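Chains as they are written, first to last, in the working numbering: chain A, 2 to 311; chain B, 54 to 342.
Think of the hints as simulated: they come from the structure by calculation, not from any bench. Just so we're clear, the structure is a prediction, and the values are computed from it rather than from any experiment. Careful: at least some of the hints might be erroneous.
Some chain B residues flagged as far from chain A (calculated, every beta-carbon gap over 10 Å) [claimed, not checked]:
| no. | residue |
| --- | --- |
| 1 | T71 |
| 2 | L74 |
| 3 | V84 |
| 4 | M86 |
| 5 | L106 |
| 6 | R109 |
| 7 | L194 |
| 8 | L204 |
One side of the interface only, derived from the structure: several residues of chain A facing chain B at Cβ under 7 Å [unchecked claim]:
| no. | residue |
| --- | --- |
| 9 | I17 |
| 10 | L19 |
| 11 | P143 |
| 12 | V146 |
| 13 | V157 |
| 14 | V266 |
Glycine included, C-beta positions come from ideal geometry on N, C-alpha and C.
This is what each chain is made of:
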Amino acid sequence: MTRFLALRFARALLSIVLVVTFAFVVLRLSGDPALTIMSPEAPPEAIAAFRKAWGLDQPIWLQYLHYFGAIVHGELGVSMRDGRSALTVVTERIPATLMITIPALMLKIALGIPAGITAALHRNTLRDRLLMAGAVAGFTVPSFVLGLLLVLVFAVRLGWLPSGGDERWSSAVLPVLTLGLGGAGILARFTRSAMLEVLGQPYIRTASAKGVPWRLVVRHHALPNAAIPTVTVVGFMIGSLIAGAVVVESVFSWPGVGRLLVVAVANRDLAVVQCILLLVSATMVMANLIVDLLYGVLDPRLRVSTAAAH
Amino acid sequence: MSDLALPAAAAPRRRRTTLPLGVALAAAWIVLMLLVALGADWLRPYGITALDLRARLLPPVGFGGSVHHLLGTDELGRDVLSRLIVSIRISLLIAFCATVIAAVLGTTLGFLAAHFRGLAEQAVLMLIDFQASMPFLILALAVLAFFGNSLTLFVCLMGLYGWERHARIARGLAIAATAQGYAAAVRQLGASPLRVYLRHVLPNIASTLIVSATLSFPEIVLLESGLSFLGLGVQPPMTSLGNMVGYGREYLTRAPWILLAPSATVVLTTLAVSMLGDWLRDRLDPTLA
Chain A
2 MTRFLALRFA RALLSIVLVV TFAFVVLRLS GDPALTIMSP EAPPEAIAAF RKAWGLDQPI
62 WLQYLHYFGA IVHGELGVSM RDGRSALTVV TERIPATLMI TIPALMLKIA LGIPAGITAA
122 LHRNTLRDRL LMAGAVAGFT VPSFVLGLLL VLVFAVRLGW LPSGGDERWS SAVLPVLTLG
182 LGGAGILARF TRSAMLEVLG QPYIRTASAK GVPWRLVVRH HALPNAAIPT VTVVGFMIGS
242 LIAGAVVVES VFSWPGVGRL LVVAVANRDL AVVQCILLLV SATMVMANLI VDLLYGVLDP
302 RLRVSTAAAH
Chain B
54 MSDLALPAAA APRRRRTTLP LGVALAAAWI VLMLLVALGA DWLRPYGITA LDLRARLLPP
114 VGFGGSVHHL LGTDELGRDV LSRLIVSIRI SLLIAFCATV IAAVLGTTLG FLAAHFRGLA
174 EQAVLMLIDF QASMPFLILA LAVLAFFGNS LTLFVCLMGL YGWERHARIA RGLAIAATAQ
234 GYAAAVRQLG ASPLRVYLRH VLPNIASTLI VSATLSFPEI VLLESGLSFL GLGVQPPMTS
294 LGNMVGYGRE YLTRAPWILL APSATVVLTT LAVSMLGDWL RDRLDPTLA
């Protein structure tokens, strides 16, 4: 188990290193920072002085190390728009995003997993067909279309809910619905195929053949095994809590990280974009790590095989 | 022996193609979209930037509009139908190019990994893991922020979507294929690795790769339209389906038809291609997740 954990941890670190490298390479490829920040007409001495001040005259590998060091110390640059630290600009938007992504995640799980299980248990019946048609609709309808349709119906025609903004709690209802319904479709399809895979296994037949009631076969043999792949998808969803609402936040003018990202990309506010990129990859890697640890809990074989290896 | 041979001989007859209604409709819709995309210049009644300021925000025919503008007009009096037709062409073209790029890139990397094994394989696997663990939208937005936007860059960027899935499949299948007799035989005959992979392994695994490309095509359509909707994809004066929805959003209350027509097109097209992809997968390769 220790070796398994160490390996997973090393892989997580490697992913972070890769993202930082990606950001560094892209940043350097996109143009000379000295010319981007200072105007091209600036005197050559001023540009040279700027290069020296920021270490841009040093060899590229040294620059890379410095860049890395700065990120480790949490120095992520300042936002071009108001000169505040990019990290502050980004972190103050996180609560707003979580306010819609966490309820949306709960909605996805509450709708998607039961729907997938029901569909798998009643395979090829009308119920299965209807549920899966709903699931397919859930993920082929793009979130901006679903969001705008909901606005058209509930805000414009019926006037029940606000169409955007964040002044009232009811403003969150439509974004949460939009995010949740789409994700529930994906989760339902995934759960169904995981369940079907498990239900086809010989141990299920064995369990029913020895007279275990079907209800208990499902509860004790099918569900725990189908949980393993489903947890992976849920883990991915948890990892994208911070930036999983880019489009939806834009549709509803919700002041979260996703909206900030879109505005920052449009204004080429590189420090903010880089900060969000690193933050998202860190959450993603953390979520993957947690999923890996959960595997150990859910799948006893993993514990046994690693223990046996020692 | 003859007992064993019988079911095998009977099998092809049983598997005779009877297209399910849904799949037939999906295929028909795709054909229609392809025809529209190919014939866009002949089909569109007006130019996409042709203004008709006296006929602004005209509703579609049947909702109080005129037959001159079947799907109505927008704020500047541009014909929605013409813009829809051209948008279909651009969105499909981008998605098609991107799918091809992703498939070629993924297959090449998969083959390289399968051929060289060792360090090269580990490097490819690491890239696959990395790509699979990051939300693609965020990476794409970061690249667009750093490099600005141009159509070429945008298409290449979309072409990075889903390469990891193709690479994973190509690697797995190529490793399995090279262990089989036919690959060893042509290698013994002196064929170069390039020839073995392109002329012998590729045709044998092509069906699986095509299915996997069909499954990623609708996702690319959604991604492109999402980015264009945000104003970060296809730039005006060009138009794409997502672009039209993003523009129409401003007139949601006064002229919902501007965004409903392209929205319906995106939904039906992605639905049709995924249905076809699912059906192809079930027929050609049920093991594909």
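Tested hints:
1. T71: Holds, because the least Cβ-Cβ distance between B:T71 and chain A comes to about 17 Å, which exceeds 10 Å.
2. L74: Label holds. Min Cβ-Cβ 13 Å, cutoff 10 Å.
3. V84: holds (19 Å)
4. M86: holds (15 Å)
5. L106: Holds: least Cβ distance 26 Å, greater than 10 Å.
6. R109: holds (20 Å)
7. L194: Per Cβ check, B:L194 is inside 10 Å of chain A; nearest 5 Å; violated.
8. L204: holds (17 Å)
9. I17: With a closest approach of 10 Å, the A:I17 hint is violated.
10. L19: Since the shortest Cβ distance to chain B is 5 Å, the answer is holds.
11. P143: Because about 5 Å separates A:P143 from the closest Cβ in chain B, which is inside the 7 Å limit, the hint holds.
12. V146: Since the shortest Cβ distance to chain B is 4 Å, the answer is holds.
13. V157: holds (5 Å)
14. V266: holds (4 Å)
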